[in-house]
Amino acid sequence: MTAVIVTVDDAHLGRVGEVAASLRELGLLVEQVLHEVGVITGQLPPGRPLSVLRVDGVASVEEARRVQLPPPDAPVQ
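For the record, in the sequence shown the residue sitting at position 6 is 26 according to the working numbering, with numbers rising by one throughout.
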């Protein structure tokens, strides 16, 4: 699975739920719908390109990245 972050365009901020429903129909396993900021997060099945999620109301689609900080007691690098 590929973790993705979808940003809804300004014109569709009032219809974030509808955009999320469209993305579900395209195979996105929606995890969170952040209505206030117009962001939808989810998982895309392996082998599916991110471009499949480019539907009306979507401003951008990007793969979510993980960032991990070293433990507090780790030496300074």
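What the hints contain is simulated information worked out from the structure, not anything from laboratory work.
Heads up, the beta-carbon is just placed ideally off N, CA and C, and yes, glycines get one too.
A few of these clues could be false.
Claimed, not checked - Cβ pair distances, simulated, as ranges:
1) Val96 with Asp29: 40 to 48 Å
2) Val96 with Ala41: 42 to 50 Å
3) Asp76 with Ile25: 16 to 24 Å
Going through the hints against the structure:
| no. | hint | in the structure |
| --- | --- | --- |
| 1 | Val96 with Asp29: 40 to 48 Å | holds, 42 Å |
| 2 | Val96 with Ala41: 42 to 50 Å | holds, 48 Å |
| 3 | Asp76 with Ile25: 16 to 24 Å | holds, 18 Å |
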